[in-house]
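Student: Sequence:
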Amino acid sequence: MKLEQLKEKLTCDNLMELVDACYRCYRYNSYFGRLKVYEFDDEFFNIHFNDPMEAARATFFGNIQNWLDPYIRFNGYGNLESIDEDEYEMELKDNINEIVEKSLELYKDGNITLYGELEELFDEYLENEEE
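Residue numbers (full-length UniProt numbering): 1 to 131.
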């Protein structure tokens, strides 16, 4: 499998695998922090804010476009912005080169562990790369 085929499989058939790769890189060393999203629900606010005024400030100075958006995240200033599924999918696709390359590097070096279909895809790519 070539690198372009791997990227195509991740964007067309396995977008959740791409999200998983992105999150594993984030957990390793905060790579792709700009792509880290959370479910937009009460639990998010309970986990991330102890002070209601801080939550209000982050919301007021942030960009909550729609209270029904499924995702929320912190912007570069620590304020909140909401994001819908289509926007998030486009951001992932726009950053696929960086996500796949960094994920492959960290996986190959043993810095992150992958499971399931993502592990199979990366192993197949790495086996073909060695040949």
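Where hints are given, some of them may not hold.
Stated by the list, open to error - Pairs of lysine to aspartate or glutamate residues, derived as EDC-like cross-links and limited to a Cα-Cα distance of at most 16 Å, are as follows: (1) K102 x D123; (2) K36 x E85; (3) K9 x E89; (4) K108 x E127; (5) K108 x E89.
Keep in mind the hints are simulated off the structure, nothing from the lab.
Student: Hints first: check each against the structure and report whether it holds.
Tutor: Verification of the hints:
1. For the hint pairing K102 with D123, the CA-to-CA distance comes to about 15 Å; that is within 16 Å, so the pair holds.
2. The suggested pairing of K36 with E85 holds, with an alpha-carbon distance near 13 Å, which does not exceed 16 Å.
3. Note on K9 and E89: the hinted pairing holds, with a Cα-Cα distance of about 14 Å set against a maximum of 16 Å.
4. Distance check on the hinted pair: K108 and E127 sit about 11 Å apart at the alpha-carbon level, within 16 Å; holds.
5. Our distance criterion of 16 Å between C-alpha atoms is broken by K108 and E89, whose separation comes to about 26 Å.
Violation of the numbered hints given earlier is confined to hint 5; every other hint is satisfied by the structure.
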